[in-house]
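Reconstruct the complex from the two isolated chains, following the hints.
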Amino acid sequence: MPNLGIDVLFKGKNFLRLLGGLWAAVRISLISVAISIALGLVMGMLMTSQNKILKAVFRVYLEVVRIMPQLVLLFIVYFGTTRVFGWDLSAEYAAIIVFSFWGVAEMGDLVRGALISIPKIQYESAQALGMTGLQIYLYVILPQTIRRLIPLSINLITRMIKTTSLVMMIGIVEVLKVAQQIIEANRRTSPNAAFGVFAVVFLLYFIVCWPISRLAAYLERRWS
Amino acid sequence: MDWDAIISYLPRYKDALLLTVKIGWLGILLAFIIGVLCAAVIHQKIPVLRQITGFYIELFRNTPLLVQLFFLYFALPKVGVRVSPQFCGSLGLGLLGGAYMAETFRSGLENIAPIQSESAQSLGMSKMQAFRYVILPQAVSSSVPGLLANVIFLLKETSVFSTISLMDLMFTAKDLIGMYAKTIECLTLLVVFYLIMLLPVSILGSLVERRLRHAEFGN
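Chains as they are written, first to last, in our numbering: chain D, 1 to 224; chain B, 225 to 443.
The shape of chain B in the complex, shown without the other chains (with noise of 0.2 angstroms):
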């Protein structure tokens, strides 16, 4: 180990880290509002929107980022769609996870058995408080564990934003090593930033996991 050159390479991949995580968390933002809607036009069974909803999450669930990604920042700018590395990153992650969640938030309402709502309001509460006090905690609990599995889903998946172009970890390894060949240094550094960007998100999904378990009614 060479550690002269891991000190002078920290600035370059903590760099990339926050480029990463920068891009990484507005696009798991944009992919949390894109599930939500899509799971709310399929819950509510609104006609037409509903199918194309349908196409759209199976097309981002059936085909890799890297190829989502390609489409994005190579494909579009010649119908005349130009975009930025950097929004094409977020935007690209936004898709694939929004396709993701709507599937998560989908079966999170989905587990919640009618009669719940029915029993709530045969109590008298009304639609509103029957979903805001009956239905919403309990969907919410089911799905928070899927979620916090998709942000780290997704927070790998960002592994690919080399390819277009943004100078994230991978690309600054893989410059690194190309630069001065030392190969060992390099992949040891890229795992320990990957390791202090997902451990701490997979530490949360297992204590948040456990501790959700307790809002559960009934079953």
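Chain D on its own, in the form it takes in the complex (with noise of 0.2 angstroms):
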């Protein structure tokens, strides 16, 4: 059994610097998330509209955020921007511009698809009760909706902290560019432990994902 390089990792703090890493890369899911929960709402709300132009603008929106991969967004806002603006950006709020963007198109359509399958009768009984526009969100459409939405939410986040371990590429150092660093510095005791630390991460990335992707299957089975 040849030495797959597993002990790298508990040498000193390497681990605990590889979950350091990880964490670099949840946090920038986790506040994009939020971003896009919070503007998503509003969004799907005003997908809805009937307003011709509002809606042709979100349907361009909607169209770019799915055709362009995040990588490339990544990069026109890391690079792009900041030679055309001129400003200092750094890459964490560049991923976190790119990932909010990408997010509140998303949560937005899943918004707009929740609200949509709320039978129309709801709105027509409740105006005819005499609520005002915003109470009818606020008392019927909306606690139905979040229900819906929640494991749908949910699976957002896996997509999110998924797609953060691109941010590598605009130079964070995150989880997998600690995992680089590791080997690089133990090329000459552990010459396999590209092995062991990328086996470790690959299985990393399944611990954080996995739980909370059962979490919105069970949620979905169960409220559906």
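FYI, nobody ran anything at the bench for these hints, they're computed from the structure. Treat each hint with caution, since some may be false.
[Said to hold, decoys possible] Taking lysine to any residue and the SDA-like style, the derived pairs with C-alpha atoms no more than 25 angstroms apart in a straight line are: (1) K398(B) / R66(D); (2) K398(B) / A24(D); (3) K406(B) / F417(B).
[Said to hold, decoys possible] In silico contact screen, one side only, chain B against chain D (beta carbon under 10 angstroms); selected entries: (4) K269; (5) V291; (6) Q292; (7) P369; (8) L371; (9) T387; (10) I401; (11) M403; (12) Y404; (13) L411; (14) V415; (15) S426.
[To be verified] Computed beta-carbon distance windows for the label pairs: (16) I339(B) / E63(D): 22 to 28 angstroms; (17) L129(D) / S350(B): 23 to 29 angstroms; (18) K55(D) / I420(B): 39 to 45 angstroms.
This one's a predicted model, so the numbers in the text were calculated from it and none came from an experiment. Glycine included, each C-beta is placed from N, C-alpha and C at the ideal position.
In structure tokens, the structure reads:
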């Protein structure tokens, strides 16, 4: 049995560093998810409006997000906008901007889907009872849509965490970058470290995302 | 905009696009095959194989492609499995996509109520006939939009190929920016070339979705 380099992880603070790297990625995704949910709710409500211009704008926005790889958006924001506007944008902010831009579109579409799945008669009945537009949303529509949305938003968290692995490409030191550093630093003493370390990174992502997606699946089954 | 620079970059972007498309479609083909096999295993409830398939699907759906590629490309050679970057890209994409495709096929098959198969058989169709003329058309029509969404998703995921030293669009853009510092031109080309690759699939997706709605029975 050749040395697969798992032991490298237990030298010094290596494993803690790896977890720190994972946290860097997870933190960016949690911040982006929070922004996405907040703005996505607003956007989803706006998307159900009948205004033609608003509809067209959202349609284009959604298509852009659907078609462009997140990595391209990251490059545009991190390398492109800094060049055009000359501002100083940290990689982490660039990542949060891009993932929120993506998440708001995704979330908005989910909210829109949930809203239009509520039968029209509910709006009409609420109106017949004399409720205002805002009241109808707050007391009738939102409570029903939120239940539908919770599993979908939890799913968005796992997708966000998986996608934030891309941030290493704009120079953020996250788990893969830390893994590379550990492997490089131990190249002489443990030439096979790449196997052990990358296998552990693989498993770490699984351990983080799997329970979250199971939870989403469970809630979806329970509440549907 | 420096148009001369853009024109001089075009051939490199074209090569990168062709490479991405080649690896991408090989990967998607592989994903399709893996997906069908996995969905069949789960649908037929084959013991043991079913658990393994389930584990595979969960493992690859819950990890990023970037990490999977790093494992395939940097870790496997340490245990003696050495593969070319191109093969690695297709294999990684195929394994990731297979897990997603399997879910899509499975839900397509599950959407068809068992009563349909039973009714068809009570009308005198054989099991094969019932599957061929009743179940399959409905399963296909309900999973095609999902499949096309998966294809778009997978083509987008190819953007990480540059990390395993494949000269794809991202690699080309980054390389040219590094050499000539014409950031805007390079990024514009990057967007245009991704549009060339993805827009047709996206349009096809919405067309097919509209057409296939007619193929549903009952509901």
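A quick look at each hint next to the structure:
{"no.": "1", "hint": "K398(B) / R66(D)", "in the structure": "22 angstroms, holds"}
{"no.": "2", "hint": "K398(B) / A24(D)", "in the structure": "24 angstroms, holds"}
{"no.": "3", "hint": "K406(B) / F417(B)", "in the structure": "17 angstroms, holds"}
{"no.": "4", "hint": "K269", "in the structure": "19 angstroms, violated"}
{"no.": "5", "hint": "V291", "in the structure": "5 angstroms, holds"}
{"no.": "6", "hint": "Q292", "in the structure": "7 angstroms, holds"}
{"no.": "7", "hint": "P369", "in the structure": "13 angstroms, violated"}
{"no.": "8", "hint": "L371", "in the structure": "16 angstroms, violated"}
{"no.": "9", "hint": "T387", "in the structure": "7 angstroms, holds"}
{"no.": "10", "hint": "I401", "in the structure": "6 angstroms, holds"}
{"no.": "11", "hint": "M403", "in the structure": "14 angstroms, violated"}
{"no.": "12", "hint": "Y404", "in the structure": "13 angstroms, violated"}
{"no.": "13", "hint": "L411", "in the structure": "5 angstroms, holds"}
{"no.": "14", "hint": "V415", "in the structure": "6 angstroms, holds"}
{"no.": "15", "hint": "S426", "in the structure": "6 angstroms, holds"}
{"no.": "16", "hint": "I339(B) / E63(D): 22 to 28 angstroms", "in the structure": "39 angstroms, violated"}
{"no.": "17", "hint": "L129(D) / S350(B): 23 to 29 angstroms", "in the structure": "57 angstroms, violated"}
{"no.": "18", "hint": "K55(D) / I420(B): 39 to 45 angstroms", "in the structure": "27 angstroms, violated"}
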